Amino acid sequence: MNIIITISITAFIVLYAGLFKANKALLPLTVVGLLTALGFTFAAWNGNAVHFGMMQTDNFALAFSGVCIIGTLLIFLLTQNYFHSKSDNIAEYYTLILFALAGIIMMVSYKNMAMLFVGLEIMSVSLYILAGIRKKDFASNEASLKYFLMGAFSTGFLLFGITLIYGATGSFDLDKIQAYLVDNSKAVSPIFYPGVILMMIGLCFKVGAAPFHFWTPDVYEGSPTLITTFMSTVVKTAGFAAFLRLFAGPFEPLHDFWVAPLIVIVCLTLFIGNVTALFQKNFKRMLAYSSISHAGYLLFSLVVIGPHTQNNVLVYAAAYTFASIIAFAVLILVKQKTGSDSFESFNGLGKKNPLVALSLTIAMLSLAGIPLTAGFIGKYLMFLNVMGQYKTLLVGFAVLNALVGFYYYFKVIVAVWFKDGTETELSTPAQYKIVLAVSVAITLILGIYPAIILNLI
Amino acid sequence: MEQLLLLIFLPLAGAIITVFAGKSAKIVSTVISVASLGLALFIACNFIPNASTQFEANLPWIADLGIRFHAGIDGISMLMVLLTNLLVPIIIFSSYRHDYKNPAAFYALILFMQAGLLLVFTAMDAFLFYIGWEAALIPIYFICAFWGGKDRVRINMKFFVYTIAGSLFMLMGIIYLYLQNPAHNFDIQAFYALNLDSAQQGWIFWAFFIAFAIKMPIFPFHTWQPDTYTAAPTQGTMLLSGIMLKMGIYGVIRWLLPIVPAGVQDWSCLAIVLSIIGIVYASIIAFTQKDAKRLVAYSSIAHVGLISAGIFALNQQGMQGAMVQMLSHGINVVGLFYVLDIIFSRTKTNIIEELGGIAKSAPQLAITFLIIVLGTVALPGTNGFIGEFLLLMGVYNYGIWAATIAGLTIIFGAVYMLRMYQNVMLGKTNELTITFTDIQGTEKLVLYIICALIIILGVYPKPILHLTEASVQHLLEQVNQKLTSVK
Numbered sequence: 000m001n002i003i004i005t006i007s008i009t010a011f012i013v014l015y016a017g018l019f020k021a022n023k024a025l026l027p028l029t030v031v032g033l034l035t036a037l038g039f040t041f042a043a044w045n046g047n048a049v050h051f052g053m054m055q056t057d058n059f060a061l062a063f064s065g066v067c068i069i070g071t072l073l074i075f076l077l078t079q080n081y082f083h084s085k086s087d088n089i090a091e092y093y094t095l096i097l098f099a100l101a102g103i104i105m106m107v108s109y110k111n112m113a114m115l116f117v118g119l120e121i122m123s124v125s126l127y128i129l130a131g132i133r134k135k136d137f138a139s140n141e142a143s144l145k146y147f148l149m150g151a152f153s154t155g156f157l158l159f160g161i162t163l164i165y166g167a168t169g170s171f172d173l174d175k176i177q178a179y180l181v182d183n184s185k186a187v188s189p190i191f192y193p194g195v196i197l198m199m200i201g202l203c204f205k206v207g208a209a210p211f212h213f214w215t216p217d218v219y220e221g222s223p224t225l226i227t228t229f230m231s232t233v234v235k236t237a238g239f240a241a242f243l244r245l246f247a248g249p250f251e252p253l254h255d256f257w258v259a260p261l262i263v264i265v266c267l268t269l270f271i272g273n274v275t276a277l278f279q280k281n282f283k284r285m286l287a288y289s290s291i292s293h294a295g296y297l298l299f300s301l302v303v304i305g306p307h308t309q310n311n312v313l314v315y316a317a318a319y320t321f322a323s324i325i326a327f328a329v330l331i332l333v334k335q336k337t338g339s340d341s342f343e344s345f346n347g348l349g350k351k352n353p354l355v356a357l358s359l360t361i362a363m364l365s366l367a368g369i370p371l372t373a374g375f376i377g378k379y380l381m382f383l384n385v386m387g388q389y390k391t392l393l394v395g396f397a398v399l400n401a402l403v404g405f406y407y408y409f410k411v412i413v414a415v416w417f418k419d420g421t422e423t424e425l426s427t428p429a430q431y432k433i434v435l436a437v438s439v440a441i442t443l444i445l446g447i448y449p450a451i452i453l454n455l456i
Numbered sequence: 000m001e002q003l004l005l006l007i008f009l010p011l012a013g014a015i016i017t018v019f020a021g022k023s024a025k026i027v028s029t030v031i032s033v034a035s036l037g038l039a040l041f042i043a044c045n046f047i048p049n050a051s052t053q054f055e056a057n058l059p060w061i062a063d064l065g066i067r068f069h070a071g072i073d074g075i076s077m078l079m080v081l082l083t084n085l086l087v088p089i090i091i092f093s094s095y096r097h098d099y100k101n102p103a104a105f106y107a108l109i110l111f112m113q114a115g116l117l118l119v120f121t122a123m124d125a126f127l128f129y130i131g132w133e134a135a136l137i138p139i140y141f142i143c144a145f146w147g148g149k150d151r152v153r154i155n156m157k158f159f160v161y162t163i164a165g166s167l168f169m170l171m172g173i174i175y176l177y178l179q180n181p182a183h184n185f186d187i188q189a190f191y192a193l194n195l196d197s198a199q200q201g202w203i204f205w206a207f208f209i210a211f212a213i214k215m216p217i218f219p220f221h222t223w224q225p226d227t228y229t230a231a232p233t234q235g236t237m238l239l240s241g242i243m244l245k246m247g248i249y250g251v252i253r254w255l256l257p258i259v260p261a262g263v264q265d266w267s268c269l270a271i272v273l274s275i276i277g278i279v280y281a282s283i284i285a286f287t288q289k290d291a292k293r294l295v296a297y298s299s300i301a302h303v304g305l306i307s308a309g310i311f312a313l314n315q316q317g318m319q320g321a322m323v324q325m326l327s328h329g330i331n332v333v334g335l336f337y338v339l340d341i342i343f344s345r346t347k348t349n350i351i352e353e354l355g356g357i358a359k360s361a362p363q364l365a366i367t368f369l370i371i372v373l374g375t376v377a378l379p380g381t382n383g384f385i386g387e388f389l390l391l392m393g394v395y396n397y398g399i400w401a402a403t404i405a406g407l408t409i410i411f412g413a414v415y416m417l418r419m420y421q422n423v424m425l426g427k428t429n430e431l432t433i434t435f436t437d438i439q440g441t442e443k444l445v446l447y448i449i450c451a452l453i454i455i456l457g458v459y460p461k462p463i464l465h466l467t468e469a470s471v472q473h474l475l476e477q478v479n480q481k482l483t484s485v486k
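If you read the protein sequences in the order shown, they are chains A and B. Every letter in the first sequence is one number past the one before it in numbering that gives the first Met the number 0, and letter 177, counting from 1, is 176. Every letter in the second sequence is one number past the one before it in numbering that gives the first Met the number 0, and letter 113, counting from 1, is 112.
In short, the hints are calculated from the structure, not lab data. Certain hints may be false.
Stretch by stretch, here's where chain B covers chain A in the computed footprint (C-beta under 8 Å, at least three residues) [unchecked claim]: (1) 336-342; (2) 357-371; (3) 384-391; (4) 406-413.
Keep in mind the model is a prediction, meaning the values are calculated, not measured. Heads up, the beta-carbon is just placed ideally off N, CA and C, and yes, glycines get one too.
Extracted from the complex, chain A is given alone in its bound form (with noise of 0.2 Å):
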């Protein structure tokens, strides 16, 4: 709770600094409000508390609550040199983000219904806006208004599907849906089920998993790149939270029901997000289609619900959030010199800027997953748990499209180190040097000493 009131009482103080025109308070501020809000997440460790029945701070919530706090953190430090004028609604980027990372926060401990409606709606909605802040850019506008009409269509699925739980169950409540499904395990109603898939529905279409996908490219490429950041990571990782919460929580019982859908939307997912990936020129758009492909694997821990699952998914998002962390970072920078996010404009990146090209090099490793980064630890965990029930056919799809991962990934390593280019220094802001250097550390360590994540949840 405390953690949701400092995240919303610091937008306030934010969007008044703002009023006030004190533009260089704004990051300071935000800093110590999400240092804040992290201190209070510590503190809330092995708490288990529970918030007048709405929502529940166990260590689930709290351990993604922190991935999603350290993103946005790190994304807020990505704001030094970003805007160029005054006009740029500093303030209103701030103010918006912080509200919706309040949203995400219920989302990731909500214990009832209600409650990821709402927070799902509070992050949404910021993000509407967020995607459509450049107002006077075309394809910023498309992708607001494109991201609004299936965010909306998305929550009317998702709203049918929580009523007609309702109906079957009489509460919003997780416990008591649980309790339900235990108790009439021989005689669920039958407009449970539907309820179940449409559900389902609503959160693929939030998650970006095929063939719910179609808005991702489209979006992810035409927001403003520090909002794309948000959106594919610290989002990305929420609405999985969701997920889990839902899925491996009270709908657990009816894992047999649930799971042949959710297997063709991973294999679908997985396909599509890694083949489209390959063929893209442009990086902001390649990180969209692999954003999909990694949805695909979080979707995949859950084809097999065992004691390690939500941890599992932890571990694979916060791999996931650094290295994209890293990646969007340099990419803001390369458009800063060169105007353009295609490939060929980190052509020969790495021989001004070896340390940028070698951060950008360890993102790609990671995201590709290759020993001795987190990545690969993400997907070794999301395999050895789908063939602990020996899917090795899963498994076996799984590790192609891991292949065709490499593919593409290496292709930015090819354009940074091995392609003649332009040859331009850039100008890296201290700030990024932090961004990188602490998503460095962290997809690092996670990746060679990553026992102390594996017993968090």
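Given chain A, work out where chain B should sit, using these hints.
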């Protein structure tokens, strides 16, 4: 235990130091690689040549996943460690003539790869083995793709995707074994003790075999190899052919044979047939090569084919032959590529027809090159002979038909290698080769060391045979015991 940890982490620490060494990277990496050779020799001197695992290090790493840092050295590992730590300083010496751009990164990557290779050759935990397997791949990819020749990017992408495809399926195999293991860990002894039925063994065999076959490479998984060898910088080619392909052979011996002996027995006929097809096929292609570097690359496929046939014959002679031949092939192939690099740096070509008569202006190069070629074609008295003789004996014990065809490798090899020597070194000089200067400085040092090793090991191979004998025998006993218990 401390010695082993030092052995593995010295190159790793060296790599980190070298990154920051800037212009003196060459010297720093030389010192570190010579120091690690000294350490390997020290370990070898204290090694008792019996079947036991010595210098064992067994430390907790990722306890929740049953992963331990478990490494140790038996006779087979000892040989591979010696090979690695002997060749890396030679390879670094051989780079002295070049001025690579970004020397710090170049030498750091070589040392990083050395650490990965040593991990592969000493790991007793399957997960650790896999980590080493990949940790050796990444640096060599960067070495070849950054400092390589024409079309390096495309060629290395093919190489990388090939090898990573193999290793991902191996990873699936490792996970499967881990799940089968009631103790839920990756310990090699626990994997040895598993009781898998023959269908399971067949699947695991293929999961591992493809990874190893791509690495060696065995026909038909070899298509990445000639291009990669040709496009790589000389040191990259040496690392690939001298040490890295031994990872595949070592993997077969350490992980494939003892864990799934029934799978090996079921499929060994196919593996031997593929190896022999590889021998003949690569030899025929080697005949027709115009580029000497490609010729050596194909001859390497033929030699490796014989080694793998000897291993899959599953007997003492074949296995011991493989041991000696791994060492000999490593030394000889590094020597060959080094000579070709010397020729290339002076004439700017490796096309056989454009060369000729070099022996007249470079007598020392001619003699050392001849010794290396004779070692490669397995003339008695050179290191190549012992290995090939034992390998052929092993294959003969498996089947006369196999030995007959595999024996062609010696005849073929003699023909194409000597023909290459003749056309490059003898005959008339032309405008390219008339100004050829003889070897000097580090070139002399490297070639003299290589020739000395070829002759010493050829005349007195006993220490090597003695080193591995007990371990090989133990391994075969283990395999046979497991085979009878399955029946």
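Three or more residues of the region 357-371 of chain A near chain B by CB distance under 8 Å?
Coverage by chain B holds for the region 357-371 of chain A (4 residues, Cβ < 8 Å).
Are 3 or more residues of the region 336-342 of chain A near chain B, judged by a Cβ distance of less than 8 Å?
violated (count 0)
Does the region 384-391 of chain A contain three or more residues whose Cβ lies closer than 8 Å to a Cβ of chain B?
Holds, because 4 residues of the region 384-391 of chain A bring their Cβ atoms closer than 8 Å to Cβ atoms of chain B.
Please verify the coverage claim for the region 406-413 of chain A: does it have three or more residues whose C-beta sits within 8 Å of some C-beta in chain B?
Coverage by chain B holds for the region 406-413 of chain A (3 residues, Cβ < 8 Å).
The structure is inconsistent with hint 1 alone, although it conforms to all the rest.
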